[in-house]
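2 protein chains.
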Amino acid sequence: MLEKRILLPKLREAPRLKEIKKIHKGIQSFIHQPPVLSSNSINKLIGTSVYFKCENFQKNGAFKIRGAMSAALSLSNKELQKGITTHSSGNHAQGVAKAAQLLKVPAYIVMPHNSIVSKMNATKELGAKIITCKPTIKDREKTVQKIMNKKGAVYIHPYNDFNVLAGQGTVAIEFLKQQKDLDFLLAPVSGGGLLSGISIVAKKLNPDLKIIGTEPQKADDAFRSFYAKKLILNSNSPQTICDGLRANLGDKTFPIILKNVDKIIRVKEKSIIKAMQLIWERMNIIVEPSSAVPLAAILENKKYFKGRKVGIIVTGGNLDLKNLPF
Amino acid sequence: MLEKRILLPKLREAPRLKEIKKIHKGIQSFIHQPPVLSSNSINKLIGTSVYFKCENFQKNGAFKIRGAMSAALSLSNKELQKGITTHSSGNHAQGVAKAAQLLKVPAYIVMPHNSIVSKMNATKELGAKIITCKPTIKDREKTVQKIMNKKGAVYIHPYNDFNVLAGQGTVAIEFLKQQKDLDFLLAPVSGGGLLSGISIVAKKLNPDLKIIGTEPQKADDAFRSFYAKKLILNSNSPQTICDGLRANLGDKTFPIILKNVDKIIRVKEKSIIKAMQLIWERMNIIVEPSSAVPLAAILENKKYFKGRKVGIIVTGGNLDLKNLPF
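In the order they appear, the protein sequences are chains V and L.
Going by this note's numbering, the first sequence opens with residue -8, and the numbers climb by one from there.
Going by this note's numbering, the second sequence opens with residue -8, and the numbers climb by one from there.
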């Protein structure tokens, strides 16, 4: 284990800005503070000024290290030295593996046996032990439970955890400092860790800022839950290109979103691909499909955003370069 | 023409730092100041700390706007209103077109009829008039000459021009402020505009900094000229993947390089592709093959750079996304 470490609070209820600020200080030396980029050419095309907070440049190419580190640093030394575990086929796997690597403790990552090989390898490269399982949520959870029993490792949920969502919220602290005069803040929503976390920060720092969650029409549980004011799940396997946005909101993230978020916008698959291609071609940055969803929402609602200043959180850039959708 | 404009000096001899600083101030409001990025994962892999100055995020995705703007702003109002012209199938075409657009004067860009369609379209989108010609240097020059005669437009050379190379040199002023403690500064070399410009700045600001030009073995005129101390040209059509690095040094750029540059390193095509893939995968940024040449030079000379701090100028990110070499 890392010789000197700080101990962050273990959150038992929805975090307040003060706590997220404390967590930001605590994780700061372990994460990057990615730049905010913008593109005159995209702005001209859509008639809106868009600012992209580039978490695709974050450690491991996604914002997930923030939440993983926030959760890991809330564990006691005794807990931490037994290691941390999670199940994930995506960016959260690498986030937890990286947090463990930085803290010099074991990571046990359960991945469905049909996960993308490059993501498995990237997780392995971080020193994590990979345990494969059947690609069902039931077998994923059963396998993690086994590891918890056998190794005493602590489970870090990808989103439905107050420390995790507080960690993801730290991105808004940086973003609203880097770009002060935003009218809108847009982020993709899946399990809601990022959206709930940033909504707490943004609503407190700037009550006039409109916070909008964006998601693929093909995985629109957040939209349906938000407007029905009760949790409604996706079908078992949503067929969106956005592999990072297939999860359902959780009982910890949903109430925070309901309280702070102004709107959820659903977008078509073809708008996502168009937005992704625009970002690649005009900004020369690599973003995964999930990260293109907020820009797709602007493309589909040009009038609504016309002339305004919109901040977008680019969540990640991990994808198979040999399998592009354009 | 732009109502209010500044007039930059028209340079008749190799610029000094003072003049390049003045030009930097003059063009500053027209250009971006791209961030410097680095990747722990690449650094760990090669045992060197590398800092990438991301001119792929510059206007039009390449550093070329700096030189074009420096040259354009040295013209009198009378000259400028007749427009500017150049022949280029690549990033310089867009640099000149963009400079003209910003200054609200005509641009006449001569492009070989076999240029990549997306590059032609991008240049057109900037409001330039495209004139196609045969893909020979003779016909390119003849066509530009015709335009100069007919329209009175002023020719802006892609590199062999003191204002152009001084403009490209401004990238080093920013870079050495953003990253103060470099041991090496690496840039690709083609016609030598960038390398000569930054060498003047870097040698003056930090005489201990080693300045290294890097080029594909398949277009190694700079290497051969540098060590023979006389201009030696490439074969007519060098077969490197780096479409931006096929030009020969010029009689204005070469003496400056000979005076200030410490070394020229040639690299293999397969190292360039490997370096390019590394940058895409580990940094999530889009760079064109030419921009990967400096990292390829480190990959081929790991011992030489081991443990040192190396600055690399990422020259651009314009390429056909449907035709990747990996």
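Any given hint could be a false lead.
Which copy is meant is left open, so a pair is good if it fits within one copy or across any two.
For lysine-lysine, the following PhoX-like pairs were computed, each having C-alpha atoms within a straight-line distance of at most 20 Å [claimed, not checked]: (1) 313 <-> 265; (2) 259 <-> 168; (3) 35 <-> 95; (4) 1 <-> 259; (5) 293 <-> -5; (6) 35 <-> 133; (7) 209 <-> 313; (8) 35 <-> 110; (9) 115 <-> 35; (10) 73 <-> 142; (11) 195 <-> 115; (12) 73 <-> 294; (13) 265 <-> 221; (14) 141 <-> 194; (15) 142 <-> 297; (16) 125 <-> 13; (17) 137 <-> 221.
Hints in this document: simulated from the structure, not taken from any laboratory.
Computed from a predicted model, the values in this text were never measured in an experiment.
To see whether the hints hold, each was checked on the structure:
no. : hint        : result
1   : 313 <-> 265 : both (18 Å within a copy, 15 Å between copies)
2   : 259 <-> 168 : neither (32 Å within a copy, 44 Å between copies)
3   : 35 <-> 95   : between (47 Å within a copy, 17 Å between copies)
4   : 1 <-> 259   : neither (39 Å within a copy, 53 Å between copies)
5   : 293 <-> -5  : neither (50 Å within a copy, 33 Å between copies)
6   : 35 <-> 133  : neither (51 Å within a copy, 36 Å between copies)
7   : 209 <-> 313 : neither (24 Å within a copy, 27 Å between copies)
8   : 35 <-> 110  : between (36 Å within a copy, 19 Å between copies)
9   : 115 <-> 35  : between (43 Å within a copy, 16 Å between copies)
10  : 73 <-> 142  : within (7 Å within a copy, 76 Å between copies)
11  : 195 <-> 115 : neither (39 Å within a copy, 46 Å between copies)
12  : 73 <-> 294  : neither (53 Å within a copy, 39 Å between copies)
13  : 265 <-> 221 : neither (32 Å within a copy, 50 Å between copies)
14  : 141 <-> 194 : neither (42 Å within a copy, 61 Å between copies)
15  : 142 <-> 297 : neither (54 Å within a copy, 39 Å between copies)
16  : 125 <-> 13  : neither (39 Å within a copy, 64 Å between copies)
17  : 137 <-> 221 : neither (32 Å within a copy, 71 Å between copies)
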